[in-house]
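Colleague: Sequence:
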Amino acid sequence: MLKRMFQKRWVKFDGLSISYYNNEKEMYSKGIIPLSAISTVRVQGDNKFEVVTTQRTFVFRVEKEEERNDWISILLNALKSQSLTSQSQAVVTPEKCGYLELRGYKAKIFTVLSGNSVWLCKNEQDFKSGLGITIIPMNVANVKQVDRTVKQSFEIITPYRSFSFTAETEKEKQDWIEAVQQSIAETLSDYEVAEKIWFNESNRSCADCKAPDPDWASINLCVVICKKCAGQHRSLGPKDSKVRSLKMDASIWSNELIELFIVIGNKRANDFWAGNLQKDEELHMDSPVEKRKNFITQKYKEGKFRKTLLASLTKEELNKALCAAVVKPDVLETMALLFSGADVMCATGDPVHSTPYLLAKKAGQSLQMEFLYHNKFSDFPQHDIHSEGVLSQESSQSTFLCDFLYQAPSAASKLSSEKKLLEETNKKWCVLEGGFLSYYENDKSTTPNGTININEVICLAIHKEDFYLNTGPIFIFEIYLPSERVFLFGAETSQAQRKWTEAIAKHFVPLFAENLTEADYDLIGQLFYKDCHALDQWRKGWFAMDKSSLHFCLQMQEVQGDRMHLRRLQELTISTMVQNGEKLDVLLLVEKGRTLYIHGHTKLDFTVWHTAIEKAAGTDGNALQDQQLSKNDVPIIVNSCIAFVTQYGLGCKYIYQKNGDPLHISELLESFKKDARSFKLRAGKHQLEDVTAVLKSFLSDIDDALLTKELYPYWISALDTQDDKERIKKYGAFIRSLPGVNRATLAAIIEHLYRVQKCSEINHMNAHNLALVFSSCLFQTKGQTSEEVNVIEDLINNYVEIFEVKEDQVKQMDIENSFITKWKDTQVSQAGDLLIEVYVERKEPDCSIIIRISPVMEAEELTNDILAIKNIIPAKGDIWATFEVIENEELERPLHYKENVLEQVLQWSSLAEPGSAYLVVKRFLTADTIKHCSDRSTLGSIKEGILKIKEEPSKILSGNKFQDRYFVLRDGFLFLYKDVKSSKHDKMFSLSSVKFYRGVKKKMKPPTSWGLTAYSEKHHWHLCCDSSQTQTEWMTSIFIAQHEYDIWPPAGKERKRSITKNPKIGGLPLIPIQHEGNATLARKNIESARAELERLRLSEKCDKESVDSSLKERASMVAHCLEHKDDKLRNRPRKHRSFNCLEDTEPEAPLGQPKGHKGLKTLRKTEDRNSKATLDSDHKLPSRVIEELNVVLQRSRTLPKELQDEQISK
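So the number in our numbering is just where the residue sits in the sequence shown, counting from 1, plus 241.
Hints are supplied without guarantee of correctness; some may be wrong.
To be verified - Derived lysine-lysine pairs resembling DSS-like cross-links, with alpha carbons at most 27 Å apart:
id	residue 1	residue 2
1	468	844
2	468	617
3	1259	1163
4	1259	602
5	556	844
If you're looking for bench data, these hints aren't it; they were derived computationally from the structure. Keep in mind that this is a model prediction, so the values were computed, not measured.
Model the full assembly from the supplied sequences, consistent with the hints where possible.
Modeller: Following this line, the structure appears as structure tokens:
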């Protein structure tokens, strides 16, 4: 007989089960024997005892007999106590179970997810008997997919140990991951909201089936429901019932919404919704799924059991009563009116407060506002269908269509998958009658396979391209419903397709928008919109896509309809906003100053609209009119190139005669063709000669010449007219006969060339030289002739007369050219670079440097530049960083090395005292600190500890003092627990959405001198530590976790330096101020500046409106700046020095410079510190400079658009 070996284990009995471990420090057991599975405990010799279960017997041995007797006595007493109180326990059905491979075990382990724990057992029989290996609680766990050779692997990670599992299939792995994630979410959910809402006793049972402790709710119906009923409420669709969790959707539960649920409660809600419910029709908590679904549909969607007190009121009377109710505190009356059929967006008669929501807002009724807000998309039927409904029904019944159509299964079909979907299509007998589209197996069938209520259609898409099946081409259309179902049908001819779609559209498009159905639309349906007339509320509108036009009829709009030319959009962007706890995709369209926001009923219909609009707004062909156009009907590619050359090339010699890089030119043309609207030319990144070549190439390659080949002989024959005035008249007549886009584009091109030749003394591009370059482009001739050149030269020289340009516009152009070119040699970089004071290690006069910050400079560049200027070589293993210091030096934060410096500086404008903020470069981390954090992460440990917290603004039921809370940093989140023993967190901060600063403001009256401040969009949290070391550890851990250990460029990567070291940008030489020659040049510039100022003064006397006063101020500032520089240069030693930056020179120059003007850069001797002028406290960065910085940054990012807005006047 084989002798069994005893293994030493740490054994624990907690009154419910025996568990044994490798040692007393282990958190997870090697085995569990529940008391309920034990049948008896028996004594054995040699200090042993047996624990007998139905499955097996466990033998334990202790060192002393007394100890063995104690164990036996305790266990027997527990068994006896259990038998006296034993009750039949209900079998709990696990959420997920099955055999998985577990690393460290040879055999597969039976794994069970039950409630908030995962059980590991040797086999299924052990689990049924209660025997297990260990239990993994979900409140401290996380699950993630593992990238290993075995693709079916995943891990459950806890602070103490990671469990690596392998499933048999990829699908099984995904099912396990989803199930565990759901369990973790429910385990970590917050009961605070539920407890508050349960304060109303009627909310402690489900509003539909009476199940106890319901933890879900419909936030628009204001009923609290159980999990089973919540599933059926979701099937109603978000228009009828918006389902949210009381525990997991904490962000949606505002104080007003919680108060609304407490005030209304399930009892009062059911007094309305179930006012006519009979006893035998009630739903019970054990009712089957089908009965639950039917009951909830009848109760809320059909209103079968509603009170009928308001049934006699017409729609107009209901709306009038609603407007009167919302200004009073009784929200129950509002609820009854709205759910009886009143229109939540009805006209109020008040032009300012045009909706019931705005009336409630005016009256200060916060609960009414909250209720109306969550019902803004709701549309409940009236008790009685009135005459207009009868007319609609009669109209519906008058339309009858029947024919065979191809029909695909209901699916979320996309264009990419339509062909595959159509392979599954079969011909179905389709009948459109009485507002319903039914499809049958064949024309003999009496029972339909399915029926679509056409009145519920939200979108109808018609595909003009034909798709091919084995039987031949078919022409398809798609029907979208708010339930996120899509039906795809196909006709055998385009005429049949149009016949069906027209009939369907007439059913669901209302009478006031019927003009939309007259267009040759590809897409028609209902969307939610906001425009400039009412940005506070989403409204319903009807839209139709016709080629590159978007037609629409909007609610509350006096005109019958309107449209947007999509190729002329100035902006087309998609963004995501959070509404009612759900992410919502919103499309922004801007055309000629008109702004329109739209979003769909579902993700599916929004995707269809977004794709169609994006395609229609893009470049579609090689003709001029097929390009993406600006608001002045000029192709965006032309405007972008002109703007770039104007800003960076007017002073460049032979600007249009240089050849660019063919590869770069091809890449730029492709980028513009792909999406000209979003592509931006950048100084430093794109070369001037490449941009000029792109403009010439575009004009040469469009389908027809800009001046049109048809008019070519007329342009040439005009040269025969010797009289200048008569010739100019002819040119004007030819231009007026051009297509609109050609006419606008020609005006923009000739204006630009006129501007360029005005600077010909600098760039050597006079009108003749420009004509030599552009004649072949504008006429699209292979070789240029003298006649073509003469025509273009004529157009440039006579631009003012031909295009009837006003005198003040010409003056404005001269002034702008002077600013762009005359003072170029006194600037240190392209427009957009500005001077900012930066400190090294501490804020002291001797430690300040004034350095230029470009709109694209990252923190790494700034840090490296400062260290180089100060000749600081960081010690091995030290990491230096740029810090922003705010709130009168009470808070500071290290910038990530990839963070944009200027963007951060611009955010100071939101501070109470933006002038007190500054940047400082200093030592931040060491390699040892990073290694310590990395090692701790590898071992699976987390940062945790007690901190004191105070929130701003404070919430209901929370005080205004610092309170002790337990914090845990894990998986990109900072969790806040009430204390160490708490299993559920009170709050959770996402590190990606919160900025953490070292320090706490004194006005918060912190209990200690050390702490952190966390800023989000709406809240501030102040955290206090017990020591400086703790503060540093938390700040370091959070910073490293925020950036996932990417806190400095990888070893071996070349260090980023700014372009200060190489003063040449985009081919423009930058001349530094040094030596007497430059001092003379500076004096000449002073005289030029003063002359320009005098011209401005004289011009103002002649025409007060012809010159912008801001330009006079800028000229004065520049002259003042140059004069101070001249004085400085005359008085300084004439020893040659480098010119990396300007250190501690006159403060007025950098702080008083106009937008777009760059300051001077010199470097003083290190030993001459005592004689320098410094920036004192009176010269803090003023808020107006921050506003100017913002303008400059926006200009550097959206140059073409700014050009359209006449930031650079043509």
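Colleague: Indicate, hint by hint, whether the structure satisfies it.
Modeller: Checked hints:
Under the criterion of a C-alpha separation no larger than 27 Å, the hint pairing residue 468 with residue 844 is consistent with the structure, at around 24 Å. Restraint check for residue 468 and residue 617: the C-alpha separation of about 25 Å stays at or below 27 Å, so the hint holds. Note on residue 1259 and residue 1163: the hinted pairing is violated, with a Cα-Cα distance of about 30 Å set against a maximum of 27 Å. Distance check on the hinted pair: residue 1259 and residue 602 sit about 21 Å apart at the alpha-carbon level, within 27 Å; holds.
Taken as a hint, the residue 556 and residue 844 pair is broken in the structure, with Cα atoms around 31 Å apart against an allowance of 27 Å.
This entry does not satisfy hints 3 and 5, going by the numbered hints stated previously.
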